[in-house]
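Given chain A's structure and the hints, the job is docking chain B onto it.
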Amino acid sequence: MTTDRTLRGKAAVVGVAETEYYKWGRSPDPEFKLAIEAVLGACANAGIDPADVDGFSSYSNDRSDASRLSAALGCKQLSFASMQWGGGGGGGSGAVANAAAAIATGQAECVVVFRALAQGQFGRFGQGPRSRMVSGAAAHTLPYGLMSAAHMFAMKVNRFMHDHGVQQEALRAISLASYAHAQHNPRAVMNGRPLDEATYDASRWIVEPFHLFDCCQENDGAAAMVLVSAERAKDFDHNPCYVLAAVSGSQHRAGAPVHNTPEYASSGFTTVAPRLYRMAQMGPGDVDVLQSYENFTGGVMMSIVEHGFCTAEEVNDFLTVENLSAPGGKLPLNTSGGNLAECYMHGLGLNIEAVRQIWGESTCQVPDAEVAMVCSGPMVTPVSSCIFGSEATL
Amino acid sequence: MSMTPYLRPGLAKPAPSRDGLDTPFWEGLQQEKLLLQRCNGCNRWQWGPEWVCHRCHSFDLRYEETAAEGIIYSHERIWHPVHPALAEQGPYVVVLVELPHADGVRIVGNLVGDPHQPLVIGAPVHAVFEHHLDDDPVHTLLQWAVS
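Just so you know, the protein sequences line up as chains A and B, in that order.
The opening position of the first sequence corresponds to residue 214 in the numbering used here, with each subsequent residue numbered one higher.
The opening position of the second sequence corresponds to residue 8 in the numbering used here, with each subsequent residue numbered one higher.
Note that these hints are calculated values from the structure, not bench results.
Take these hints with a grain of salt, some might be off.
Stated by the list, open to error - In silico contact screen, one side only, chain A against chain B (beta carbon under 7 Å); selected entries:
{"hint": "1", "residue": "Q290"}
{"hint": "2", "residue": "S292"}
{"hint": "3", "residue": "M296"}
{"hint": "4", "residue": "S344"}
{"hint": "5", "residue": "S348"}
{"hint": "6", "residue": "A352"}
{"hint": "7", "residue": "L355"}
{"hint": "8", "residue": "P356"}
{"hint": "9", "residue": "Y357"}
{"hint": "10", "residue": "G358"}
{"hint": "11", "residue": "L359"}
{"hint": "12", "residue": "T412"}
{"hint": "13", "residue": "S416"}
{"hint": "14", "residue": "W418"}
{"hint": "15", "residue": "I419"}
{"hint": "16", "residue": "V420"}
Yeah, the Cβ is synthetic: ideal placement off N, Cα and C, and Gly gets one too.
Isolated chain A, as found in the complex (with noise of 0.2 Å):
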């Protein structure tokens, strides 16, 4: 990769926001209030003219018009409108990507990449389709009970654990470490409802090999971060965050109807995971802390083997609640709580979070932490990572 192709260190983030998070069906404005709201929130964050974002990216057929917040916040112009393909969060990274792109080539000057999500408002995502009818390829899963994000997903996670000899203490390790960060974040949903290994272990299945624990919450609210160009990132009061890669799609075939892909038993990231490092110009020893994607626990369990963590055969040792615990574990993971615990934002919440970890700002800080990945919507198909660093890692 020449120098030029690169989208390493080109942009950086300079301003985060949420809204408060809600269980779904909980919040009491509408959703593409709620994306408005995030929106300021982040320009408040950076210290920007909300009328200076003249971009904006987002994923999973978010239903918050580009144009619509354009003119809703009275922004000068609007040079870049991007959706990243897909649905799930496997855009949360891809929508960065597509932000730092177009700041790189210069087609935006200040891009908002958001998700704003109303499940109470457009109707929830663990609930089967209630047609009568069912034709495409779905008409070859529905009518035999495949019908919710656990379902599709299942198949996979217990092929790769049967593959690899994965035992479910290392799911539930995922689960727990998440819980017990969100038990510092006062943002968290979950926060105040620690979980422990009796409960986990006691907990209904939703379907094998995930207990109720191992599932991501559904929420309503909104989130937003602020991209500049590397250059403008100086002038801003965070120090800047800067986007070393970011990266999004899948392997050989992966959107094979009715379950053909032919790496089947995958998170999505083998040919992610690589070009993501050579991007980056790191490896997975360099990371300091992850945030990886929870559709599912099972999922995250891919996505660190995929992105080089420890292979598909230490799963069983590496998968801790020790190993994944900030501040002092191997590799940190969720800090925030993450989708199971702090807040289903379709996973940008990560992203946010991987931003806070570079800033100091964690409310599970990892000391030093100077770089930040972010695994987005495993077994998805486009998938997506992306690494955020300190300017010392420039």
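Chain B alone, transformed into the frame defined by chain A:
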């Protein structure tokens, strides 16, 4: 012979796609035949259905019968109902079946029998046709039983 429906009624019923891409598959199930796509260009099997062969890019794909037997590639026992029709269902099993006679393509169905039965990757299974011939739309589901 048709089996008693594995799942309680009320889920979305399958209909051939309006563009006709998978119509022969659904019609074949009603005659207790498993018809999948096979390429006239390279003679390889393909599933799920698509308009083009992903290997040789031929548009000339036919539907051909394959043996309705395979092995369990993966499985899941589902407990939490996400649809009102399944509120009283209790646990049920979905399997992903690999078809060795059709280049190893995979297909989704239920594993009939005790929902608490052990689920074994690699176990041989054979098809059981679950007819809904009085239903609207008329359809047949492809289910699986351990051989």
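How the hints compare with the structure:
1. Q290: violated, 41 Å
2. S292: Nearest chain B Cβ about 37 Å off; hint violated.
3. M296: Violated: closest Cβ of chain B sits about 25 Å from A/M296, beyond 7 Å.
4. S344: holds, 5 Å
5. S348: It holds, given that the least Cβ distance between A/S348 and chain B is near 5 Å, below 7 Å.
6. A352: Hint on A/A352: holds, closest Cβ of chain B at ~4 Å, below 7 Å.
7. L355: Since chain B brings a Cβ to about 5 Å from A/L355, closer than 7 Å, the hint holds.
8. P356: At 5 Å from the nearest chain B Cβ, A/P356 passes the 7 Å test, so the hint holds.
9. Y357: holds, 5 Å
10. G358: With a minimum Cβ separation of about 5 Å from chain B (threshold 7 Å), the hint on A/G358 holds.
11. L359: For A/L359, the interface hint holds, since the closest Cβ of chain B sits about 5 Å away, which is under 7 Å.
12. T412: Result: violated, 17 Å to nearest chain B Cβ.
13. S416: violated, 11 Å
14. W418: holds, 4 Å
15. I419: At 4 Å from the nearest chain B Cβ, A/I419 passes the 7 Å test, so the hint holds.
16. V420: holds, 5 Å
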